[in-house]
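Guided by the hints, dock chains H and E onto chain A, whose structure is given.
Each chain, written out:
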Amino acid sequence: MPDTPAPPAVGLRETVEKIRVLKHVPPTGFLRTHVFSLDHKVIGKQYLDLALVAVLTGMVLSWLMRFHLAYPDVAIPGLGRLAPTRAAGGVMTPELYLSLMTMHGTIMVFFVLTTAPFAGFGNFVLPIQVGAEDMAFPRFNMMSFWVTLVAFLVLLAAFFVPDGPPLSGWTAYAPLSAIGKDAGPGQGGGQTLWALSIAIFCVGQLLGALNFIATTLDLRARGMTFMRMPYSTWAWFITAVIGLIAFSVLLPACILLILDRVAGTSFFIPAGLVVSDRLQPHSGGSPLLWQHLFWFFGHPEVYIAILPGFGIISHILPVFARKPLLGPKVAVACMAAIAFLSYTVWGHHMFLSGMNPLSATLFSVPTLIITIPATIMVLLWIGTVYGGRLRLTTACLFCLGFISVFVSGGISGFFLAQPSIDTYLHGTYFVVGHFHFVMGVAAMFGIFAGTYFWFPKMYGRMMNETLGKIHFTLTLIGVYATFMPMHYLGLAGNVRRYSAFTDDYMKGSLPLHRFITAAALFTGAVQLIFLVNLVWSRLRGAKAPDNPWQATSLEWSVPSPPPFDNFGGKHPVVAHGPDEYGRTGPEGDFVMQAAPTAGGTA
Amino acid sequence: MCTKHVASIALLVLATSTIAAGPAPAPRAGGINGTVTFTGTPPKMLKIDMAKEPSCEKQHPTPVMTESVVTGPGSTLANVVVYVSAGDQPGPAPTETVRYDQKGCEYLPHVAVMHVGQPLEIYNDDQTSHNIHPLAKANPEWNKSQPAGSPPIKASYDKPEFIAVKCNVHPWMHGYFAVLGTAHFATTDGNGKFTIPDLPPGKYTLIAWHERFGTQTQEVTVGGSEAKADFVFKALPY
Amino acid sequence: MGKLFAVIVAVITAVSAGVFIARVWWLPPDISVLGAGIDHQLGETMIASGVLFVLSQLVLAVFVWQYADAGDGRAVKIFPGGATPMVVLATVLVGIEILVLTLVGTRVWAGIFLSPPDPNALHIDVQAEQFAYYFRYPGADGKFGVPHPELIDDGNGNFFGLDPANDTTARDDIVAASLVVPVNRPVLLTLHAKDVGHAFYVPELRVQQDFVPGLVIPLQFTATEVVKKEIVCTQLCGLGHFNMRAYLEVKPPDQFAQWLTEQAAQ
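Protein chains in written order, with the numbering used here: chain A, 1 to 602; chain H, 1 to 238; chain E, 1 to 266.
Take the hints with a grain of salt, since some may be wrong.
Stated by the list, open to error - Computed list of lysine-lysine pairs in DSS-like fashion (alpha-carbon distance at most 25 Å, straight line):
(1) E:77 with H:44
(2) H:144 with A:181
(3) H:47 with H:234
(4) E:228 with H:47
(5) H:103 with H:47
(6) E:229 with H:58
(7) E:251 with E:229
(8) H:203 with H:228
(9) H:47 with E:229
(10) H:103 with H:44
(11) H:193 with H:234
(12) H:47 with H:58
(13) E:143 with H:47
(14) E:251 with E:143
(15) H:137 with A:181
(16) E:229 with A:507
(17) H:144 with H:203
(18) A:329 with E:77
(19) H:47 with E:251
(20) A:543 with A:45
(21) H:193 with H:228
(22) A:507 with H:58
(23) H:144 with H:154
(24) A:507 with H:103
(25) H:159 with H:137
(26) E:3 with A:469
(27) A:469 with A:543
(28) H:154 with A:181
(29) A:181 with H:159
(30) H:137 with H:44
(31) E:228 with A:507
(32) E:251 with H:58
(33) E:228 with H:58
(34) H:159 with H:144
(35) H:193 with H:203
(36) E:228 with E:251
Unchecked claim - Using C-beta positions, here's what the derived DEER-type ranges look like:
(37) A:511 with H:97: 38 to 44 Å
(38) A:244 with H:159: 53 to 59 Å
(39) E:258 with H:237: 26 to 32 Å
Quick caveat, the hints were computed from the structure, so don't treat them as lab data. Source: prediction; values computed, not measured. The C-beta atom is built at its ideal place from N, Cα and C for all residues, glycine as well.
Looking at chain A on its own, in the form it has when it is part of the complex (with noise of 0.2 Å):
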C-alpha cells in the first residue's frame, strides 16, 4: 500500500455497515413510521408500552388476590358480573382466585419482567450506546415484538374461554397441568392457551436473543471496545446469552406440555392416576421432567429479569455520583458469573421434589456461591456512592432503593438456599415474599430507574421530578410495609398459593394479612402518580436538552429523541470508557464517550 494512510481493512463489519447506510431509509407513512416499524427505539417503547399494559393487568389481579386473601368472605363489587359462575354473588371461590393467582404471576415473570427491563431499554438504548444505527436484524426485532404481542393476547383469551384461566400457577406443574380437564375447573382451554402462550412468548424472545448478540459483538463503533461498553450493554449482552439457553429449553417443554393435553402422549403423567374418579390413559411420564425443564428454564429466567437491573443501576449510580462505578472488570465479571453459574442451580427449587436427596447439596452449593458475586455487586455500588456527589434525582433514588430492596430479597434467599432450611420454608410466605422482593420490587425498581432516566431521550420532554420523589418515597415505603410481613408469615409456618386460611394454627395470621393487603392496595394507589407523570410528561413534559444529566455514554451525544438512524448517519468513534465521571472535561466534570482524546486524535 502507499503512503496514504491505509484505509480500515475490509472486513465484515465494514461491508455490514456500508450495506446498512444504502439500505437504512427513514420510513415513510403512519403505518411504516409507528406500529409496522424496523426501528429498534420504536420497537423498544411498543415492549414498554405493552409492559405498562400488562403490569397494570397484573397489579389489578393482585389487588383482587390480596382483598380475598384478607376478607375471604365478603363479596367484592362487580366482581360476580364478570365472573358468574367462578364468583357467583361477588364471593370468589377457590379456584377464581387461583386462577387470578396463576395470570398474575405468568403476566408478571414473562410480559413485564422480561419485556420491560431486557426488550423494552434493551432495545431503544444498546444500539445507541454502542453506536449502531439499529439492531443487527431490523425485521427479526419487529417480528420479536408482534410475536410477544400475539403471546400476550393468546394468554389473554385464558380468562374467555368457557373453563376459565388455568390454576396451576405460573410453574404449572404437571400432572395437574397435562391432565386436561379432568383436573379440575381452569384445567381446561385455558391451560392449553396458556403454554400456547409462552410457546409463542418464546419464539419472540428468542428472536430478540439473537438481535442483543449480534449487534454487541458486530456493531460497536469504532473504539468501542468491550470494556468500553456501558454496564446496561452488557447486562443486555449477557441477559440475551441467558435467554437463548434458557427459552430454548422452555419452547420445546410447552410443546410437550400441549402434546400430553391434546395428543394423549405422556411425557409428564405416569399410569394410575385417578383423577376426577376417572383412571387416566397415559402411562409412562415423569412428573419430575416438567420440574427439570421447567426449572432449568425457570431459573435463569430471574436472572434475565434482574441482570438489566443490575446493568442500569451500574450504568445511572455513576451518572448521578458523579464518579465512575468502583470495579469495572470486577462489575462485568460478576455478572458474567452469576449469569454461569445460574444454569447450575436450578434443583434449589426442587430440594423437597422427591429427587435423589444427595442433589440437593449438589445444588446447595452453587446457590450460595451465587451469593459471592452478587454481594460484590451490592458493595461496589455501595462503594460507587461513597465519596460521590450523589445528585438525588428520581432515577438516583430508584438506584439507591434498589439496593437496598436487592439486599433484602437476596438475604432471604440465603436462607432459602440450604436444604435443611428449606425443609421449614419452602411453600411458606417466606418464598413468597423472597422473590416479590428481588422481582416484584427490584426487578421493578431497575424499571423505574431507566423509565426516569432514559424518558427524556425517548420522548423529548421531562418527567416531573417532584411527583417522581414522592412516588419514589411513597413506593419505597409501601413495598416494604407490602413484602418484609411476608417473611414473618413463612416464619410461622403460614402456607402460600391458599385462597384462604382456614387451618387453625393460620388462623391467627389474618390480622398480618390485613396489613399486607393494605399496604399493597397502598403500594397499588401509589402508582397513579407514576401513571399521571408518564402521561402528562409525553403530553406537556418541558423539553429535554440532548444531555440533561451530563452523562457520557453515546446515547445523551445525540439528540433527545434521536433521528431515526440515531447519529444522523455520522459515525461516532469511541475513545474513553462509559463512566469517566470526576475529572474535569470540556462541558464539566465529566467526559463523553465520543469525546476526542487530548491529543486530539480519535
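The following block gives chains H and E in isolation, referenced to the frame of chain A:
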C-alpha cells in the same frame, strides 16, 4: 208405574247422584305402592371420617356411615328409585324445585330424583366450601364451587340419566341425581316402602334402580285401585 | 432528599429487624428429634444474615446522607483500595459463611433424608388425593394389601383401591383419615399420590415432602410429644388445596395400641 214416572225418578236419581258426585270425575286414577327388599348379605357400610373438615365433623355426634346400601328393618332397602319406564304419557316437567343440600358434608337426600327439565337447586349449608361435581355422561358435565354463604346453584338436566355426584373438595361425599323422563316416580324410604300416586289405569313397566345392586323390572297393571309391586334385590357382600 | 432516604431506610431496617429479633411471628416449638438441628441452622443463618442486613442497609443510609451533593464542588473520592476490598470482603466473609453453613447443614439434611430407615419404624402408607390424605396401617399380618387404582371408590370408603375379596393381605389393612402415631417411635411414611402432585407438611415436625405421582417416596420422623397438629398441603393441587389437611395425633404407646385395635375391629 207409568213410563213418565219412571223417567222422572231416573232423571231425579241421576241428577241427584250427579250433584252428589260433584263435577264430572276423570277416570279413577290409582297408584302403585310396594316394598323393596333384598336377599343375601349386603356389604358393610363404613364409618366416614370427617377429621379433615372440623366444622362438619362437629355436626355429627354419632358416626356417619357410607350410604351406598342403606337397609331398614326386615331386609328392606332404602334409596331405591322406582319409576315408570313405559306406559305413561310424557308430560311437561313439574315446576316445583328439587332441593339438594350439602349439609354436614353430606348430600341430602342421598338420591335426588327429578324430571327432565325440572329445576334443581343446590344449597351449601356448611361453613366450608364445597365443589359439587355431577359426573354426567349423557348430559353436560360440570362442577361448581360454592364458598360458605354462596347463593344456591340452579341447574337442570335435559336427558334421562343416573348421575353420580361427588364433591371435589370432600372425597367421601357421594350422592346421585336420578333424571327421569317421567313424572311418575318415588324413592323408597327407611322402611323400603314407596308409593307412586296418580297413575291412570293401564299397563306400566316399572323399573327399580339401586346404586349398588342394579335394576329390576316389573310389569304392573293399574286398575281403579292401588296396585302393588314389590322388588327383591340380590345383595352381595363385596 | 438524601437525608429523608437515609432516615426511611434506617427506620425500615430497625423495625424489620426488631420484629425478627422479638420473634413476634416465629416457628412453633418443634416436636421432632430433628427439630433442634433445623432450628439451630435457622438461628445461625438468621444471626449472620441479620448482621449483614442491618450493616449493609445502615451503611447505605449513612453514605447517602453523607455524600449527597452539598453544592460545594468538592472532589469525589474513590473508595480506598478500589474494588479489591469489596471482592475480598465478599469472598472471604460470604465464603466462610457458606462453608460453615453447608457443612453443618448437610449433616442436618442427611439426618432427615439420607439416613437408612430405622428397623423399629412403624410403617404407614400415605395417599394424597384431591383434597384429602388417607393413611393405611398394615394390620395384624404386617403386610400392606396391593392397591388397584381402577378399584378406587371414594364414595364407598375404598380410598386405596383395595380388593379384600381376592387379596388376603388387604383384608386387615386399617385405613384412617388421621395420622395416628405413637410418641418417641420412628415412623416411616411411604408417600404416593393418587392424582396430581401434593405435599406433606407439619411445621412442628419440621418435616416437608412432596408427593410425586408415579413415585413412592419414603419419609421418616420421630415425634417427641403427645400432641394433635395439622398436616397441610404445600404443593398446589387444585381448587381445594387450601382446605387439604389431616391431623397428626401423637399418642402414648398404650393409647396408640388401643386406637389400632379399635380401628381393626371396624
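Task: Structure versus earlier hints, numbers of those that do not hold, lowest first - done: 1, 17 and 30
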